[in-house]
Amino acid sequence: MNGITHFSQVWSHRTPRARLALWVGWAALVALFVWCWQLMTANTIWFFVQDAPRQAADIGSRMMPPRWSYLPELWAPLWDTINIATLGTLGGVIMAVPVAFLAARNTTPSARILRPFALFVIVTSRSINSLIWALLLVAIIGPGLLAGIVAIALRSIGFVGKLLYEAIEETDARQIEAVAATGASGAQVLSYGIVPQIMPAFWGITVFRWDINIRESTILGLVGAGGIGLKLQASLNTLAWSQVTVILLLILATVVLSEWVSARMRHAII
Amino acid sequence: MTVAAYPTRWRRPPQIIKDRRWRIAVQIGIVVYLILAIGTVDVNWARVYDGLERGQRFVMGFLQPDFTSRWRDISQGLVESLTMTLTSTVVGVAISVPIGIGAARNLAPPWVYYVCRAIIAVSRALQEVIIAIFFVAMFGFGPFAGFLTLSFATIGFIAKLLADDIEEIDEAQAESIRATGASWLQLVNYAVQPQVMPRLIGLSLYRLDINFRESAVIGIVGAGGIGATLNTAIDRYEYDSAGAVLLIIIAIVMVAEYGSSYLRKFLQ
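Chain order of the listed sequences is A and B.
FYI, the working numbering numbers position 257 of the first sequence as 257, with every residue one higher than the one before it.
FYI, the working numbering numbers position 117 of the second sequence as 117, with every residue one higher than the one before it.
Derived by calculation from the structure, the hints in this document are not laboratory data.
It is possible that some hints are incorrect.
Pairs of lysine to any residue, SDA-like flavour, derived with a Cα cap of 25 Å [said to hold, decoys possible]:
| # | chain 1 | residue 1 | chain 2 | residue 2 |
| --- | --- | --- | --- | --- |
| 1 | B | K18 | A | S262 |
| 2 | B | K18 | A | Y192 |
| 3 | A | K162 | A | T108 |
| 4 | B | K18 | A | H267 |
| 5 | B | K265 | A | L190 |
| 6 | A | K162 | B | F157 |
| 7 | A | K162 | B | I210 |
| 8 | B | K160 | B | V112 |
| 9 | B | K160 | B | N106 |
| 10 | A | K162 | A | T182 |
| 11 | B | K18 | A | L20 |
| 12 | B | K160 | B | L263 |
| 13 | B | K18 | A | A167 |
| 14 | B | K265 | A | W23 |
| 15 | B | K265 | B | T180 |
| 16 | A | K162 | B | K18 |
| 17 | B | K265 | A | L20 |
| 18 | A | K162 | A | L190 |
| 19 | B | K265 | A | H267 |
| 20 | A | K162 | B | S69 |
| 21 | B | K265 | A | T238 |
| 22 | B | K160 | A | S191 |
Excised from the complex, chain A in its bound form (with noise of 0.2 Å):
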């Protein structure tokens, strides 16, 4: 007689309970998914949706020879959309650093205060984009550069306040410690023990920041706060689709240029 053969189960990745919990996680999934789409799609205009495809093409047609002579109109926008991103950074970049001291568990002054509160900015400036801090500043101080610029600077707290004070909180404790052994006064710490820590990340974040602020300060202008998404806009608003082809690939250089610039800086710093 074979003893093997009562050894007929088959092998399987999870325990049926795990698969039953599975496929009720799925099918709830799919339920969630069918239920916001018809509540997404209940005003939607089917007709414009089986539309697209020639309006697609349509579009694409009035854009293909993209109109050249456009181009020396842009070079000033241009300059106004990096001014925008590097004194938007610069302006964040010194509003971010005493936040993030504030913020940091080690260096802030009053954990119970103090705290809360820098963390707080830090959250609101996040979750903000860069568009809606322009158009609220659009509307309060009127459309132009300097809307543009505290904008960027408002947007770029929340970012280099947070990866700084992160950095702020991983310094070696040791290091902080034999300067205040010395007999260093606070500011002497700060300046001697944390600073020198810091430097590289705080240089490496702020590149980066610039490099992402290129990007947000090229549509700063659909709001009205200056730049070369003025000019966007307002090839937009003539259906200039020519133009808007010279455009959007001057943007998609600049970008890729910062990016390559920021890579390269980084790589040098760190």
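Mind docking chain B on chain A? Use the hints.
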């Protein structure tokens, strides 16, 4: 014999640029750039001064938000944003899984690899807002255009990170599955999928969070969602309603951020 050459004062050593001449050149360059850049920013101070009163009204609106009088618009925008976020994340992830597998060098033949990497590069190069402008022009105003925009942007994000993750899997496990005579599909299912699944779930949750934030922005160019409500409120100078919308956005982003970091810890 004297020791006069020995320095008596300590100077802080330079950290980044070692050469003194380079340091001075960089500093001069920065100053020249700042003078040039600040010179081109012309500010209409009278307009800024006029705006201060409006800014004050906005801060007051932010402190005393008005949720009730525009609640219909706000809830409509919120429902659009949330449904758009979920559907676009699901569709985007579903499309980016095959593209991500195709863009992994250790699983796909070279021509598939280059096609998939090209799709990822196109999707990552363009800003969401610019894509939204095109989709609104093609598909008409409303959340459907926003859904397409966010799905498109999700593909570039998830597929790239998934492909990089698949390229870094433990080859020993894949080799042992291959040694049992497994087909390509079985290889993906039993060797690759268990290794990358936790990270894929984490990335999807993170993208859900990003998609909500972006859904608040693309409404400004007509792609539906809470951004459209915000834009309308600001255009009507109803700063208390705008403050309410901003507070809701901040609250949801905070909940999503803490929720997804908690969920990721739970899953790993």
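Evaluated hints:
1. B:K18 - A:S262: holds, 20 Å
2. B:K18 - A:Y192: Holds: K18 (chain B) and Y192 (chain A) sit about 18 Å apart, inside 25 Å.
3. A:K162 - A:T108: With a Cα-Cα distance of about 14 Å, the restraint between K162 (chain A) and T108 (chain A) holds, given a limit of 25 Å.
4. B:K18 - A:H267: holds, 16 Å
5. B:K265 - A:L190: violated, 34 Å
6. A:K162 - B:F157: Holds: K162 (chain A) and F157 (chain B) sit about 22 Å apart, inside 25 Å.
7. A:K162 - B:I210: Judged against 25 Å, a Cα distance of about 17 Å means the pair holds.
8. B:K160 - B:V112: holds, 14 Å
9. B:K160 - B:N106: holds, 14 Å
10. A:K162 - A:T182: Between K162 (chain A) and T182 (chain A) the Cα gap is close to 31 Å, so the pair fails against 25 Å, i.e. violated.
11. B:K18 - A:L20: Status violated; Cα separation ~63 Å.
12. B:K160 - B:L263: holds, 22 Å
13. B:K18 - A:A167: Judged against 25 Å, a Cα distance of about 24 Å means the pair holds.
14. B:K265 - A:W23: OK: K265 (chain B) and W23 (chain A) at ~22 Å, within 25 Å.
15. B:K265 - B:T180: violated, 34 Å
16. A:K162 - B:K18: violated, 29 Å
17. B:K265 - A:L20: holds, 23 Å
18. A:K162 - A:L190: holds, 19 Å
19. B:K265 - A:H267: violated, 31 Å
20. A:K162 - B:S69: Not OK: K162 (chain A) and S69 (chain B) at ~36 Å, beyond 25 Å, violated.
21. B:K265 - A:T238: violated, 51 Å
22. B:K160 - A:S191: violated, 41 Å
Comparing the model with each earlier hint shows violations of hints 5, 10, 11, 15, 16, 19, 20, 21 and 22; every other hint is respected.
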